[in-house]
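Assemble the whole structure, with the sequences as input and the hints as a guide.
Chains as they are written, first to last, in my numbering: chain A, 190 to 489; chain B, 340 to 581; chain C, 44 to 417.
Honestly, the hints are just simulated from the structure, not real lab data. Even glycine gets a Cβ: it sits at the ideal position worked out from N, Cα and C.
Only pairs whose alpha carbons sit at most 25 angstroms apart, straight line, appear in this in silico DMTMM-like list of lysine to aspartate or glutamate:
no.	chain 1	residue 1	chain 2	residue 2
1	A	Lys280	A	Glu361
2	A	Lys280	C	Glu282
3	B	Lys416	C	Asp290
4	A	Lys280	C	Asp394
5	A	Lys280	A	Glu364
6	B	Lys416	C	Glu282
7	B	Lys455	C	Asp290
8	B	Lys476	B	Glu518
9	B	Lys557	B	Glu506
10	B	Lys455	C	Glu279
11	B	Lys524	B	Glu506
12	B	Lys476	C	Asp394
13	B	Lys476	C	Glu397
14	A	Lys280	C	Glu279
15	B	Lys416	A	Glu473
16	A	Lys280	B	Glu437
17	B	Lys476	C	Glu282
18	B	Lys416	B	Asp353
19	B	Lys416	C	Glu279
20	B	Lys524	B	Asp547
Computed footprint of chain B on chain C, listed as stretches where at least three residues anywhere in the stretch have a Cβ under 8 angstroms from a Cβ of chain B:
no.	stretch
21	269 to 278
22	281 to 295
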Amino acid sequence: MEEFALIFGYIYQYLDNIGFLILAASGLIIIFGMMGVINMAHGELMMIGAYITAFTYYAGVPAPIAILLAGVGAGIAGIILERLVIRFFYKQLLSSLVVTWGLSLMFSQGFLLIFGPSILNIPTPFGNFPIDEQTFGIYRLVLFGISMAMIAGVWAVFTFTRFGTHARATMEDPEMADALGVNTRHVYALTFGLGSALGGIAGGMFALTATISPFFGINYTPLAFITVVVGGGANVITGLLASVLALAGSQTLVNNLVNVYVGYLGMMGTALIILLVLPRGISEYLERRKIRTERASGRE
Amino acid sequence: MPGETDTPIIEVRDLVKNFGGVRAVAGLDMSIYPGELHCIIGPNGAGKSTLFKLVMGIQRPSAGTIFYQGRNVTRLKPFERARLGLAIKFQAMEVYQELTVFQNLFIPLRRHHRPKQIPEQAAHLLEQLHLAGTEEKLVSNLSHGQQQWLAIGMSMAVRPEVLLLDEPTAGMSPEEVSETARIVKDLNAGGTTIVVIEHDMAFIRNLDSRTSVLHYGKLFAQASFGEIEQNEDVHRIYLGTM
Amino acid sequence: MNSKGSALDKYLGLLNGPQTMGRGLPFWLGFLAIVAALALGPEFLSRYQIINFSNFLISGFMALSLCLIWGYCGVLSLGQAAFFGVGGYAYGVVAINLLNAHGNTDIAFIAGIIIPVVFAAIVGGIMFYARLRGVYIAILMLVISLVIGTFMRQTADPDYTIGAAYLGGMNGLRPDSPDDPLLPSLIFGFGQTIQEFDGRSVSFYYLTLGLLVAVYLGLRCLVNSSYGYFLVGCREDPERTETFGYDVRRIQLSVFCISAAIAGLAGTLYTAWGTYIHPDGFGVAQNILVVIWVAVGGRKDLSAALIGALVLEWVSLRLASEGEYALLVMGAILVSVMLLAPTGVVTTISDVIERLRTNRAQAEGAKAPEIRKP
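Take a look at the structure:
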C-alpha cells in the first residue's frame with residue numbers, strides 16, 4: 190500500500206506538471222507556433238483572465254462560467270492589442286519581442302495601480318482524496334483533463350473548421366490566401382484573439398490554485414515560451430505534447446530527488462539541452478524521422 | 340584550356356542532399372579545374388544553387404565528399420572554406436542593404452588590406468565595376484544591376500582562388516548583361532577560377548566556356564557550350580529556353 | 044562637407060566614423076558642453092541630487108552595453124541585468140573577503156568586471172555555437188537572469204556564505220558579521236596612496252562620470268574600427284559575412300563578452316554606490332528598463348542610447364516623486380516609440396535634422412546656377 194501511494198504520488202505530480210505546462214503554453218502555441226509572433230504579454234493576458242475570474246466569482250457567478258468569461262475578456266483584449274499594436278510587427282521578430290514586453294509592463298503596472306499589490310485567493314474546488322497517509326487535490330487532475338481537452342480542441346479547430354483552414358492558409362502564405370479571398374486581417378486578429386482567450390481561460394483556472402496579483406504573469410511567460418520553443422514549429426501540437434512530456438518529466442524527477450527550486454532548474458536545463466541538440470525543436474526532428482522512415486519503407 | 344589531367348580545384352564525389360522527402364542533389368560527381376571558367380545550367384530545381392551552398396559549406400551534404408585543391412573540406416565551416424580561397428555570390432543575399440557602398444566593400448576588403456589602403460582599393464574595384472564615385476551612396480539607392488555588380492565586387496574583394504556566382508545577371512538589362520560578361524571574363528583572365536550558374540543563354544554564349552548541365556541533382560551532360568547547344572537530349576529537358 | 048569638420052575628423056580619427064552619429068565641430072562642442080555641465084553639476088546641485096545623478100550615470104553604462112550588442116551586432120539580450128547582478132555580487136563578495144587584508148578594493152573592482160565576462164563567455168559560447176536563433180538567445184538571457192535572481196532569493200539560510208560574505212537571500216549580500224551590515228565602498232590603492240570613493244560623495248560622482256566618458260569614447264573608437272564594421276556585417280547579414288572568411292560566432296561571442304564587462308562595471312559601481320546588492324538586481328524591472336532606454340533613445344547609435352538612459356532615468360525619478368506610476372509610463376513610452384519612431388527618438392530627431400540640412404544645401408545648390416543665368 191505504501192509503494193502504491195508513492196508511485197501514485199509520482200504519477201499525480203507528473204500529470205499535474207503536464208497539465209500546468211500545457212495550460213500555460215496552449216495560447217502561446219497558436220500565437221508563436223502559428224503566427225511567429227512572440228507575445229511577451231501572454232502572462233499578462235493570463236493575469237487578466239485570473240482577475241476576471243476572481244471578480245465575477247466573488248460577484249456570485251459559478252466558477253466554470255467565471256472562467257469562460259475570463260476567456261472572453263482576454264480574447265477581446267487580445268484582439269484589441271493585435272489591431273492597435275501587434276499587426277505592425279509581424280515580420281520583425283526582435284521588435285515584436287520588445288514591444289510586447291512593453292505591453293506586459295504596462296498591464297502589470299496598470300493593474301498594480303488600479304487593484305494594488307493585494308493578493309486575491311479563490312478556494313480550490315472539489316476537495317481532496319486520501320491514499321495511505323497522503324492527500325491529493327482532485328482539482329489538479331481536473332486541470333490535467335481540461336488541458337488535454339484544450340489540446341484536442343485546438344487541433345480540431347485548426348483541422349476541421351473553415352476558420353482553421355483559412356488560418357493555416359494565411360500562415361503558410363498570406364499573399365496567396367489574400368488572393369484566394371481569405372480576409373487575412375480578420376484571420377490574424379482572430380487567431381491572436383483565440384490564443385489570448387486560451388491564455389485567459391488558463392489564467393482563470395490557475396486562479397483557483399494560485400494567488401492572484403499584478404505580477405501573476407511573469408511566472409508563466411518564460412515557462413510557456415520555453416515549452417513552445419522546445420516543441421518547435423514543424424507540428425505545433427505533437428511538438429507541444431513531446432516537449433511537455435520531457436519537461437514535466439525532468440521537473441518531477443529532479444523535484445523528488447532534490448527540491449522544488451532545483452526541479453525548476455532541472456526543467457530549464459533539460460530545455461536548454463534539447464535546444465542545443467535540436468535547435469528547431471522536437472517536432473522538427475519527429476517530422477524528419479517520419480519522412481525518413483516513410484521513404485525507407487517506400488523504397489522496399 | 341586546362342587539361343583534365345590537372346588536379347581539380349574543386350571536386351565533389353557522390354554528393355547527396357535531401358530536403359525532407361526531396362532529393363535536391365542526387366549522387367553528383369563533378370570537377371572544376373584551376374583557372375577554368377565553367378558554366379552550370381539546368382532546369383529549375385536541378386540542384387544548382389544547392390550544389391553551390393554545399394560547396395561553400397552553408398548547407399551540410401546528406402552524403403558524399405567535397406574536395407578543394409585535393410583536400411577534403413566536407414566538414415569545414417563556411418568561413419574556414421572562405422579562408423582557403425572560396426568565395427560566393429548567392430542568388431538572393433548579396434549586399435548589406437542598409438550600409439553605404441564603401442561600408443559594403445570595407446568588410447570583405449579588410450581580409451587582405453590594412454584600413455589605410457582600403458579607400459584606394461575600394462575606388463579601384465568600383466572603377467572596374469562601373470560604380471566609380473558611389474562610395475558614400477546607400478546601397479538601397481543603387482539600381483538592381485549596380486547592386487549585383489557590387490555584390491560580385493564584394494566577392495572579388497577577398498581575392499578568392501575560386502569564385503562561385505549564382506545568377507549574376509538576374510534582373511539586368513541586355514547592356515548590363517554584356518558588361519557583366521566582360522567583368523567575369525576579365526576576372527578569369529586574371530587567374531581566378533570562376534563557376535557561374537545562369538539561365539541567360541546569351542550571357543553563357545558570350546562566356547563560351549565549358550558547360551555542365553544538371554538535371555534532377557545529377558550531371559546530365561558536360562561539354563563546350565557549342566556542343567551543349569547542339570545536344571538533342573539537353574534540348575529535351577530544357578525545352579524552348581535555348 | 045565643410046573643411047573645419049573634415050579637419051577635425053582627421054584629428055579625432057577613429058572617434059568619428061560611419062558607425063556613429065555626430066561628426067564635426069558642432070557635435071563635439073555640444074559633447075564638451077554636456078560633459079562640462081555634468082562636471083559642474085556639484086556646484087549647483089544638492090548633495091541628494093548628486094547621489095541620484097551618480098546612479099543615472101551608472102544606468103548609462105547599461106545602455107551602452109546593450110546598445111553595443113543589440114544595435115551594432117544584432118544580438119538582443121533581454122537579460123542584460125544578469126551581468127549587472129553578477130558583477131555586483133562578485134564585487135561585493137571579493138571586497139568583503141579582501142578589504143581587511145588589502146586595505147583596498149582593487150581586486151574586487153576587477154573581479155566585478157572579469158567574472159561577468161567569464162560568465163558571458165560560458166553562456167554565450169554555448170548559445171552562439173549551438174546556433175540558437177536570435178529570439179531564443181534574447182529570452183534565454185532573461186530566463187537566466189530570473190533564475191539567478193530566484194536562486195539568490197532563497198539563500199537566506201546562514202549556510203550560504205562565501206568566505207566572510209553571506210548571500211543573505213531577500214536581504215541582499217552582506218558581511219557575515221552582525222556589527223556591519225554594509226558592503227565596502229570603492230577604495231583604490233596605488234602603492235601607498237589610498238583613495239576612497241564613497242557612494243554619497245562628489246568624488247564618486249566624478250569617478251563615475253570619468254569612467255562613463257572613457258567607456259563612451261572607447262566604444263566609439265571600437266565601433267568605428269575594422270571590428271565595428273565586422274559587427275555591423277554580422278548584424279546586417281551573418282551568413283554573407285561568414286562567406287568573406289569571418290568567424291561570425293567568434294565575433295558575436297567576443298562582443299557579448301565586452302558588453303558583459305561594461306554591464307559588470309555598472310553592477311560594480313552600483314554596489315559600491317549604494318553599498319548593497321539585492322536579488323531584485325536580476326529582476327524583470329532591471330532587465331526591461333535597459334531595453335527601454337536603448338530602444339527609446341535609439342539602438343543603432345551609442346550616443347542615442349546613452350541620452351535615452353540619462354533622460355529616462357531623470358524622468359523616472361521625477362515621476363517617482365508623484366506616485367507609483369513611473370514603470371507604467373516607461374512601458375507606455377516604449378510601446379509608443381516602437382510604433383511611432385521605431386529607430387528611436389534621438390536617432391529620428393537626428394535624421395530629421397540631417398535631412399533638413401541636406402535639403403537646404405541642395406536648395407542653395409539649385410539656386411546658384413539660377414543666379415548666374417541672367
